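Peer 1: Quick note: the numbering used here has the sequence shown finishing at residue 425, numbered continuously throughout.
Please note that a few of the clues may not be correct.
Pairwise CB distance ranges (calculated) [as the list claims (entries may be wrong)]:
1) A205 - L238: 13 to 21 angstroms
2) H353 - G245: 18 to 26 angstroms
3) E391 - A363: 26 to 34 angstroms
4) L299 - L238: 15 to 23 angstroms
5) V356 - H386: 35 to 43 angstroms
6) L220 - S360: 21 to 29 angstroms
7) L416 - L220: 36 to 44 angstroms
8) W419 - G237: 28 to 36 angstroms
9) W419 - A365: 17 to 25 angstroms
10) C247 - D303: 24 to 32 angstroms
11) A365 - A196: 38 to 46 angstroms
12) A259 - L384: 20 to 28 angstroms
13) A395 - C247: 29 to 37 angstroms
Hints were generated in silico from the structure; no laboratory data involved. Keep in mind the model is a prediction, meaning the values are calculated, not measured. All C-beta atoms in this analysis are idealised placements derived from N, C-alpha and C, irrespective of residue type, glycine included.
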Amino acid sequence: MLFRSERFAPGLALGASAALVFGWAGSEFDRALFEDWGWSGGVVLVLSLGLLQALALGPCKGLQQHWSLSPAQSSQPRLVWRWISAPWIHTNGLEAGVNLLLLLIVLGASPLQLGDVILRYCLTSLACLTLAAISADHWGVQRIWSGSAGAVSALIALAAGLSLLHGRVLLYSNGALAIPAWVLLLVYGALQLGWQLPHQREGETSLAWQRLLSSSWGWGTLLGLLWALISWLQGLLP
């Protein structure tokens, strides 16, 4: 499985390089514009994703098809740029709305600067996309990868995992509304199960767990929980 992943090396390398460039550009924009306005990096990211999604639904409808990534495209050198574009636009409009809302809840009050937010978003999305592509290629699962599901699920799973390990409820407060992290984990997980469990190709014989591990959401959840466990273990060290 890992040997076959060598075919994805160009996309992985390009995606990692682009993450560094986007992070740098975000820092420059933050200093030039958003720092004076007092906007958090998370809010700017959500607004940027929302603008791109609006363009994809309106005047630039081709973006949804041309910016997504499928298993057949993931190892093609001439389509390697899709590894960069896939995390930015959803092919599913409902999923786009849900992910934007969740990102606003989770990152809306984040103290992180725009450059740090974008860098983490890109690297987390790339990690989830890479693992999903390797899994789909290994098991012959047909999937279309697009949007922020990997980053969103990793953030929610991290918060829910830390909440469980530390024995306290972690709340996301927005005005008068306070939402526990575990509620977001359960609600988002239920929605994603409905989107990820069905076969996307007629005649496909993959198992349910293989389809889940061929999704960015599945790997984002696992990586978020693993990250929470590592953070908790580090806190136990003297």
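Peer 1: Does the Cβ pair W419, A365 satisfy 17 to 25 angstroms?
Peer 2: At 23 angstroms between Cβs, range holds.
Peer 1: 15 to 23 angstroms was suggested as the range; check whether the CB atoms of L299 and L238 agree with it.
Peer 2: holds, 20 angstroms
Peer 1: Between the beta carbons of A259 and L384, is the distance compatible with 20 to 28 angstroms?
Peer 2: holds, 21 angstroms
Peer 1: Check the following: the C-beta atoms of A365 and A196 are separated by a distance inside 38 to 46 angstroms.
Peer 2: With Cβ atoms ~44 angstroms apart, the hint holds.
Peer 1: For the pair L220 and S360, does the Cβ-Cβ distance stay inside 21 to 29 angstroms?
Peer 2: With a Cβ separation near 27 angstroms, L220 and S360 satisfy 21 to 29 angstroms, so the hint holds.
Peer 1: Quick one: are A395 and C247 within 29 to 37 angstroms, going by C-beta?
Peer 2: holds, 35 angstroms
Peer 1: Between L416 and L220, is the Cβ distance one that fits in 36 to 44 angstroms?
Peer 2: holds, 38 angstroms
Peer 1: Holds or violated: 13 to 21 angstroms for the Cβ distance of A205 and L238?
Peer 2: Holds: the Cβ-Cβ distance is about 19 angstroms, inside 13 to 21 angstroms.
Peer 1: Within 18 to 26 angstroms or not, the Cβ separation of H353 and G245?
Peer 2: violated, 44 angstroms
Peer 1: Can the suggested window of 26 to 34 angstroms be confirmed for the beta-carbon pair E391 and A363?
Peer 2: violated, 46 angstroms
Peer 1: With respect to the beta-carbon atoms only, verify the hint that C247 and D303 lie 24 to 32 angstroms apart.
Peer 2: holds, 28 angstroms
Peer 1: Do the Cβ positions of V356 and H386 conform to the proposed distance bound of 35 to 43 angstroms?
Peer 2: Since V356 and H386 have Cβ atoms about 37 angstroms apart, the given range 35 to 43 angstroms holds.
Going down the numbered hints, you'll see the structure goes against 2 and 3, while the others check out.
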